[in-house]
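K.L.:
Residue numbers (this note's numbering), protein chains in the order written: chain H, 1 to 403; chain A, 1 to 550.
Bear in mind the hints are in silico, worked out from the structure with no lab data behind them.
As the structure is a computational prediction, the values presented were derived from the model and not from experiment.
Worth double-checking, as some hints may not be accurate.
[What the hints assert, rightly or not] Distance condition first, Cα-Cα at most 16 Å in a straight line; then the derived EDC-like pairs of lysine to aspartate or glutamate: (1) A:K121 with H:D252; (2) A:K121 with H:D158; (3) A:K457 with A:D367; (4) A:K457 with A:D348.
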Amino acid sequence: MTRGALAAFLAPTDMPATAEVVIVGGGIGGLAIARELLAHGMRDLVIVERGYPGSGATGRNVARIRAMQLTEALTHVARACQDKYDRMGDELDFNVLFYRLGYAWVLYETEELERMRDIVAMHHRIGVRSALLSPDDTLRRLPVLRGGDPVVGAVLNDDAIVHHDAVVWAHLEHLAGSPVRLLAGTTVRAIEVGDHGVEAVETDRGRIETRAVVNAAGGWSGELNDLARVVAPNRPLRREVLVTAPLRRSIDAAITFYRPTEGWFNQTLRGEVVMGVVDPHEPNGVDQSSTAAFLQRTASLVTRKAPALADATVIRQWAGMYDVSPDHLPLVGPTRQLDGWWQANGWSGRGMLLAPYLAELLATRMTTGATPDRLEMFDPDRFDPAATAAGHEQDYYARYGAR
Amino acid sequence: MERARVSFTFDGRRVEGVDGEPVAISLLAAGRRTLSRSFRFHRPRGLMCSTGQCGWCECEVDGRPSVRTCRVPVREGMVVRGEHAWPSVERDLLRVLDLGSRFVPPTFYHHRFLRPRVLRKWYLDVIRWFGGRGRLGDGSSVDRGSRRVRQDAPDVLVVGGGAGGLSAAIAAAEAGARVVVLEAEAAPAPAGSAGDGDLLALAPAGLGVEVRFSTVATGWYSGVVTAVDGESIWEIRPRAVVAALGSYELVPAVPGSDRPGVIGARLAARLLAEHRVLPGERAVLVGDGMELTAVGAAFREAGAAVMGPIPTTALQEVGGRGAVAWVVYRGDQGAARRESADVVVFGDRTPNLDLVIAAGGRVGWVDGRLAAQTDPDGRTSASGLFAVGDMASPDPEATAEAARRAGRAAAAFAGQALGAQEQADRGRPSAVAATHATRVTRTGDPPRSPTDGQPPKPGSPHAVLCFCEDVRGWEIQAERAAGYADPELVKRRTGALTGPCQGKYCLSAITCAFNDGNVATTSTGDVLLPTGRPPLRPLRLGDLVVEDPT
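Construct all of the structure, not just a fragment, from the sequences and the given hints.
P.N.:
As structure tokens, then:
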């Protein structure tokens, strides 16, 4: 990237009239797809972003890059996703601070422990070296849990975190100076559709003729699908986060507990603790406002599991959107409903992990027409178009692990 | 009455203090000026604001991490330790990081530490070791007793019980509103200072004003104001809100102005009057503000040499090896002059915009200060939110009258809201009637005050502007020049505004640096600000624990 290229990329003066592909959404999904299409030789690409790059869920998440998953199919994919992040520094010549902090599902119910035995066996079968820890080993490895609710065990794996903003910057600096164009601060107003599918994207800054649109709009993908009269079952769902003042290194794994209540916390490289406890009654809908109830809920439950954290001080809180699909797997690929309409959404809280790798598969599909094996499970047409995500939010992981 | 002397330890050494005075003041009186080290470059920091807001006095106290020692009464046997320093905050060897700081922009590691690959994890382990601040205890003795959640719904909520807040409160109550005032301090401010507790005593009896002392407003959540008072968490749903939060110290934007010994005028006045602590023998006064003149007189009376006040724009550098040892300033003839000093007292202040920004109200440059944009009745662009100015202004009577007008306008707004609700209630079964027909929400129809819209000249590019993250002016400029021209991106790239002071001490300077020579306003002329994030104050998690969370 030459000097000045980034400034020109981030603040273009002209509006393109045509594009081979218009990618709607400048978060990790849209940026990664642009990168992969570029790598596959496409050049005439435009990214349309309503805010600034990463202003949606990408800039609001905590970027846990976890290979161990609850199902075999997803663990295979997630491991490839983690490898993709491990290579990202070399490939983009940008240190995204990929760091194997470790990741633990901490268990509080015997029933959960039994379920995890099977899952750990599955991990071992396919080469993920997760470990089921005894209660004593759990507290030895994670002393922050001492004095809290009694644990029955934990599943620990050598999983990673990255710096979410750095991932955005790495992509921006990679794309700057390439033929890809980014239109930040630009809103899509309408999608023009003709007999042969997509014909143009109408934005508040002008019209772009194109035969291919990628919907990478995250929590706003439903609104965009509506403009194209494409039906998808995704529903936006708010998740809240808080962060504490930095503390010395004291928590050596990202922790998630989810029965009977779902919550999580981990320490960043700088020492801040990010955490959240989910509201099981959170209604669907786009809403990025913070709540006082979240602070109280999170403080009450997290300090019950980790009493030492009562002395941490919260200095900031925010909210971001999940784009939740009925089976909590994303929709990545073409849809039979409209020629030239490509879905890359429904990440269900896994966009940061999944998007860079699935973007690679999607780019293969878009440029060669052949569907990579691992993309099949994300076929957007796997749902009955009338299906909705309603009823699945009550227990996020129950559905996630049911497959 | 003489209070008992107590002894406690700081970094293992015995220190004496007066029972009940703030720990940080005992330490200052004992000559311990460096209380903490900055996060990035381990720059020495000392007591600066004494209101629990800047965070420069954070230490570990009796095992609790990052406690603001200016707000904690000293007790016999206390164990106080400096944080984020080795071997001690006074002689922190990690200060070498500051020597190379000019070569280390905030994002430097994104272009390093990739090779050799085998060391990649180790590099980040080292970065992790350098990060952090306070030590988390083992959790065996933490306080996490449940707080009671209490509700209230006054007609008018006044946040801040200083002279402006109380003037507004009394005016609103006289107009018939039920008024609640939240005041963070435990008692009314002494008469004649920025607050004026006598106001209430002078007000007619039977007025509907309830002042809740020791109650800190902690957040604005779509018109619901939260507050904590040590026992309870308040959720207050007022019909109208008056923000009367006063101002914060505006640290001069010159190199070295974050050294221990650079203190705000109000702290200097308190040290001399309340604690009989002389913070230095050779004082330099900088800037203006009505407190500064009184401080100068008090210093002289206590036998100190005083220079100034000099204009803030004349100050060029605050020098020293750790704490303040000299200042460089431009004299009358324009030539740079050097003056030895061991304390620098500055008087400039900047409006406290916490609540206005949280509510989405517009702010802009008014007479060179970043302030809420209001109409003459104090109405902000956030519907139902009124703002009154800092009473420590050149003309207190004019600001008092403005506060009274805002109080009356808030009462009228609350009355309209009430009327609208009563009408709504009559029109439908009471069981489904909304509790509040009109809630305080953001609207798109702002009143505007005549503002010149011009930011002041930004300070030196080598000055630290964001103290929590040690962000200097040139770093803001460099990010903007590189193309990260959105303030939200600059915030993320540099960390400015995201530290433990939550942007209170850098918002004005960072916005000013960002705006310099740049079209940093939106098409409607608003100043571009990064998103405000709640809560309004750092909150200990243990103080947010409730019995039955929802």
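K.L.:
Evaluate each hint against the coordinates.
P.N.:
Now for the hints, and whether the structure bears them out:
Of the pairs offered as hints, the one joining K121 (chain A) and D252 (chain H) holds, with about 14 Å between alpha carbons and a cut-off of 16 Å not exceeded. Between K121 (chain A) and D158 (chain H) the CA atoms are separated by roughly 12 Å; this keeps the pair inside 16 Å, and the hint holds. Between K457 (chain A) and D367 (chain A), the direct Cα distance comes to roughly 12 Å. Compliance with the 16 Å bound is thereby established for this hinted pair. The straight-line distance between the Cα atoms of K457 (chain A) and D348 (chain A) is roughly 15 Å, inside the 16 Å bound, and the hint therefore holds.
Of the hints listed earlier, there is not a single one the structure fails to meet.
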